[in-house]
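Could you build the full structure based on these sequences and the hints that come with them?
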Amino acid sequence: MTGVELLNWARGPGLQIALVVFIVGVAIRFIEMWLLGKSPDFAEARGSAAAGGWRTLFTRSLPMPGALKRAPLVFLGGYVFHIGFFITFLFYAPHILFLRAVTGFSWPALPAYLIDVIGLVSIAALVAVLVHRLTDPVRRFLSRTGDYVAWAATFLPLLTGYFAYHRLVTDYTTMLALHVLSFELLLVLIPLTKLMHTFTFAVSRWYNGAIAGRKGVKV
Amino acid sequence: MHEPETLGDVLAKRGVSRRGFLKYCATLASLMALPPSVAAQMADKLTRATRQSVIYLSFQECTGCLESLSRTHSPTLEGLLFDLISLDYQETLLAAAGHAAEEARANAMRANSGKFVLMVDGAIPLKDGGVYSTIAGRTNIEILKEAVPHAAAVIAVGTCSSFGGLPHANPNPTGAVSVGTLMEKGLIERKPLINVSGCPPIPVVISGVVAHFLTLGTLPELDGYGRPKVFFGDTIHDRCYRRPFYDQGKFAKTFDDEGARNGWCLYELGCKGPTTYNACATAKWNGGVSFPIESGHGCLGCSEPDFWDAGSFYAPLPAPRAPLSAAAGAAIAVGVAAGAAVGLAGLYKRKKAQQAHTKLTVDDLETEKKP
Amino acid sequence: MGTSLERGIQGFIEQVDRPTASFFESCVRCGMCAHACLFYTETGDPKYTPIYKLEPLRRVWEREYTLFGRIKKWLGLSKPVTEAELKEWEPLVYDSCTLCGRCSLMCPVGNDIVYMVRRAREGMVAAGVAPDGLKQAATRAVKIGSPMGVQLPALKTQIAKAEKETGLAIPFDKEGAEYLMVLSSAEIIEFSEIIPAAARIFHAAGVSWTFSSDAFEATNSGIQIGSSDIATELVSRIVRAAERLKVKYVISPECGHAYTALRWEGPNLIGRPYPFKVIHIVELLDELRAAGRLKTEGMEDEKLTFHDPCQLVRRGGVVEPPRNVLKMVASNFVEMEDPGTLNWCCGGGGGVSSNERADELRLKVFSRKKTQLDQLGVRTLVTACSNCRDMLEDGLEHHRMDIKVVGLTEMVAEHLKQ
Ligand code: SF4
Ligand code: SF4
Ligand code: SF4
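Chains as they are written, first to last, in the numbering used here: chain W, 33 to 251; chain D, 409 to 779; chain L, 30 to 447.
Hints are computed from structural coordinates only; laboratory data are not their basis. Keep in mind that this is a model prediction, so the values were computed, not measured. Virtual Cβ for every residue (Gly too), placed ideally from N, Cα, C. Mixed in with the good hints, there may be bad ones.
Distance ranges between label pairs, derived from CB positions [claimed, not checked]:
id: 1; chain 1: W; residue 1: Glu76; chain 2: L; residue 2: Glu366; range: 29 to 35 Å
id: 2; chain 1: L; residue 1: Ala189; chain 2: W; residue 2: Ser93; range: 53 to 59 Å
id: 3; chain 1: W; residue 1: Ser93; chain 2: D; residue 2: Ala734; range: 33 to 39 Å
If we take Cβ atoms under 7 Å as the criterion, some of the chain W residues that face chain D in the derived model are [to be verified]:
id: 4; residue: Val36
id: 5; residue: Arg43
id: 6; residue: Gly44
id: 7; residue: Val56
id: 8; residue: Leu129
id: 9; residue: Pro143
id: 10; residue: Ala144
Okay, derived cross-link-like pairs now, BS3-like style, lysine-lysine, Cα gap no bigger than 30 Å in a straight line [said to hold, decoys possible]:
id: 11; chain 1: L; residue 1: Lys102; chain 2: D; residue 2: Lys757
id: 12; chain 1: L; residue 1: Lys116; chain 2: W; residue 2: Lys101
id: 13; chain 1: D; residue 1: Lys767; chain 2: L; residue 2: Lys393
id: 14; chain 1: W; residue 1: Lys101; chain 2: L; residue 2: Lys393
id: 15; chain 1: L; residue 1: Lys101; chain 2: W; residue 2: Lys70
id: 16; chain 1: L; residue 1: Lys101; chain 2: D; residue 2: Lys757
id: 17; chain 1: L; residue 1: Lys116; chain 2: D; residue 2: Lys757
id: 18; chain 1: D; residue 1: Lys759; chain 2: W; residue 2: Lys70
id: 19; chain 1: L; residue 1: Lys108; chain 2: W; residue 2: Lys70
id: 20; chain 1: D; residue 1: Lys759; chain 2: L; residue 2: Lys101
This is how it looks when you write it as C-alpha cells:
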C-alpha cells in the first residue's frame, strides 16, 4: 500500500469507521451511565448544589492546596500534556481546516513554529508521565494495560505529527497518513479506555461539587 | 534502421551551438543537484554518445505526456530530447500507419534488442482480458509482454503508466494498472523501471532521466515509488515560494480575496503541495516560466498515486474525503439506541436488586465474639 | 437470613448510580488521591490509594452496568468478585478509610471517592464482610440503644450529677421545647462535662431545650458499617422522638459522624424531609453569639489550635462557626496547616475507632496530626467531636505528646458571663 493510498484510506473510510466507533461508543458509555440517575436528596440544603457543581467543574482544574508539593510531576506533566495536546489539536492551521470541514466552525490558527515547540514539549511531558507511571510505586500499582494503551493513543498523534512536520522517518505522505490513522486510533480508543474521562470528567466534577455544594462546602 | 552516429554529429547537423548545449547540460545538472562542473563533463559525454534507441508505447492515455514532451513552439531545451534519442517507434509521431507501423516496431525491437529503452505512457487495462485498449487487434498487455523482455530499461512516463492515473481512478472500470504493478504481479518480465510521474510529467524531468542514463549508463536513484529522487525528492510544499505564508498561518480563503492577491498560501483552497513530490516548484513549466501555484492555483497532486481519488481538488488536505454527516447521524442514532438499551437494562437490574432487597438486621451479622 | 456473597453483590448492584458510574468511568489512575489520604501519606503503601479501595465495587459496576463489561462477562472473560476478594478488601474499606473525604477534594477528574466508599460498605456488610468491632457496635446500638452499650439510666445518672453541679433543672421529655438534645455515648461516659456545660449555656441564653428518654444516642453505627437498613432504624428513633416532642430543632452533639448521620443522611434514609431542623451544637453556639445571646468573659491566653472534625467541615459544611465561637474565648488561637475544609483526619473516623483491628494502623497514621501539631508547638487542642477527642487523646498519648484536648462547648461554658 502506498502512502497516498494509505492517506486516502485514512481520510476516507478510515475516518468514517473511526468516527462511527467513536460516536457509538461514547454515546453508549455516556448514556448507560447517565440513565442510572441519582435519587433525590431530602436533606435540607445549606447551599446551592448547582452553584457548587458549576464551581467545581472549573476550580477542579487547579490543584488542591498542597498537592503540587506532594506530587509535582503528576500535576505538571498532566498540565503540560493536556494543554499542549489541546493547543496543537485546536490551533494548528491544518487541524482547524479539518475541524471546519467536520463542524463548520473555524477560528484563527497559531503560527506553525509555535505549534512545533508546543508539540515537542507535550511529547516530552508525556514521556515523563510514562516514566513516572512505570517507576512511581503508586502509579505503577494502579496501572492496568488500558492505561498504557491510552497513553500510547495520546502519544502517537503527537509523535507522528511531529515527525510529519519535520519530514522525519519516512516520506511526508506516509507519515501524514500515519498521523491521521493515529488520530483515528485515538478516536476509537476514547470510548474503550479511560480516555472516556474526556467527557465524563464534567459529570464527575459536577456531582462532586454539587453534593458538597448542597452542604455549603466548597470542594 | 539508423546509422549509429554520435550525438555530436546530430547536434552539429541541427546547428545547435556548443554554448547552447552546455547551457542545457547546466540546467539538467542543477536540477539533478549535481555540481556545475559536472555540466561540462556531461556535455562532453553526451556529444560523444551514440543516440539512444527508444521505443515509445502508448496505452490508455490522453497523449498529454507526449504533448508535454514534444509540443515545443520554439526550439526549447526539452526539445533537445529528441536529439538525444533515436525514437524508433512512437505510434503518434510515426509517419507510417497500420501494418507498416507494426512492422517498424518489430524491426526496431529486433535491431536493438537488449539495448533500447522502452518508454511507456498510459495505464494497461487488465479487466476482461484487456479488451478495453487494443492496437491492431492486440491488447496492451500482449504488446507489453512482447516488448519488455528486449528492453534495457523501462521508463513509465506520466502518472498513468507509473501509478495507474486517471484510468485507474475509482471505480477503475477497465481494471487499469501501472507498469510497475504488472512487474510486481509477474505479468511482464521485471526490468529496471523508472516512474516519471506527473499528469503530465515535466518535460525536463523526462529528458533529464534519459540524459542520466546516457551519460552515466545507470538509472538514477529512485524513491519508494520508483521515481528518480533527484526530481521527486522534495514536496512542492517544501520548495514552494509561498511556504513562509503557510508557516505564518496566512492563507488565501478564496481565489480573489486579499490573501490571494497578496500571494498567500493556497492550502485552504485545496493545494496538495504538502503531499506531492515533484519538481514543479523548482523546474517549473513552459521553459521555466511559472508553475501552477505561481499562477494562483493549488497543486492537484498529479504526480502522486491515486491523486484522483484524494477528494475534491478544492477541499483542503485535512478535510475528510467524503462528507461524514450521514455516517455521524447514523452513529448517533445507533449509539443513543444502544446506550439507552444498556442503560435501561441497568436500571431494570438495579430495580430488581432493590426489590429483592431484604432488610439487613444486626442479627444477620455474625461475629467471632458475641457482643 | 444471614449474610452472603450473593447478598453482598446484590448490595453493590443496588448502590450504583449515575455519580458512581461517572466516577469509575472518569478515573485516570493518576494516583493523586493517594496523596490526599493519610493512610497513604503516613505509610507510603500504594494499596491505601483511595480509589483502589473501591476495586470490588468497580468490578461489579463494570460487569453489571457497562456494555463492554457485560460482553466480557457473557464471553467469560471477566471473573466475578469472590468472597476471598471481599475479605482481602475488608481492611482497605474499613480499617484504612475514615470516610474523611479528603481524597474527594484531590481527584483532578472530580471523583467523590468517599461517596463511593460509603456505598461500597453497603455491599461489604451485606456480604458479612465487615470488622467485628463495627458489627458489635452496630448490634449494641440496635439492641441496647448505644454502640458503647450505654443505657438510659446511665444518662439519667449523669444528668442528675449535672443538675447538682449547676443547680439547674435539666429538662427531660419536655413536649414543645424548641430544641431536642441528643448525645454521643462517649459524651455520656467519658466526656460528660458537656452536659453541665450545655445546661449552663442554654440557661444563660434562654434556650428552651430537652432530652428525650426515647432517643438520646446520636451516633449511627449503621452508617459507619455501611448498612442503610440499620442506619435507618437508628435515625428513626431520633426522628420519632423529635416528632413526638414537636421540637423545632434537634441538636447534634459534639460528634462529627452523628452530625452527618442526622443532618445529611437521615432524611434520605427515611425517604422524606424532616419536619424539624438539625443543628450542630457549635452552629447553635455561633447563632446565639451572633444574636447576642451568648455572653462570655475572660479569655484563654495560652496558644491553642482547633482540630476540625472531617464530618463537620468537609463533609458537613460547618467551618466558620467553631472559629467564631473559639475566638470569643481564646486570644491566641492559631490555625493548623491545612485548616477547615482541608483538614487531616484524626485517624479514627468512619468507624475506625470501633475497630480494634485497626488500632495499630490508626496510631501509625496519627503521625500526620503529630506533624501538624509539632509545627505549631501548642499545648492545648480544641475540637468539637467527642470521637475525634477520644482518638486525639489516644494518639497523643501513644506518641508521648503532652497536649491537652478540650471540647469547644465546655470551653465556652467555662467563660460564660455569670
Ligand atoms: S503543481 Fe502539483 S498538480 Fe500541478 S503539475 Fe505540479 S505536481 Fe502536478
Ligand atoms: S475518605 Fe479519607 S480515609 Fe477514606 S480513603 Fe478518602 S482520604 Fe482516605
Ligand atoms: S485521584 Fe481520581 S482519577 Fe486519580 S486515581 Fe484517584 S480517583 Fe482516579
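Which of the numbered hints above does this structure break?
-> 12, 13
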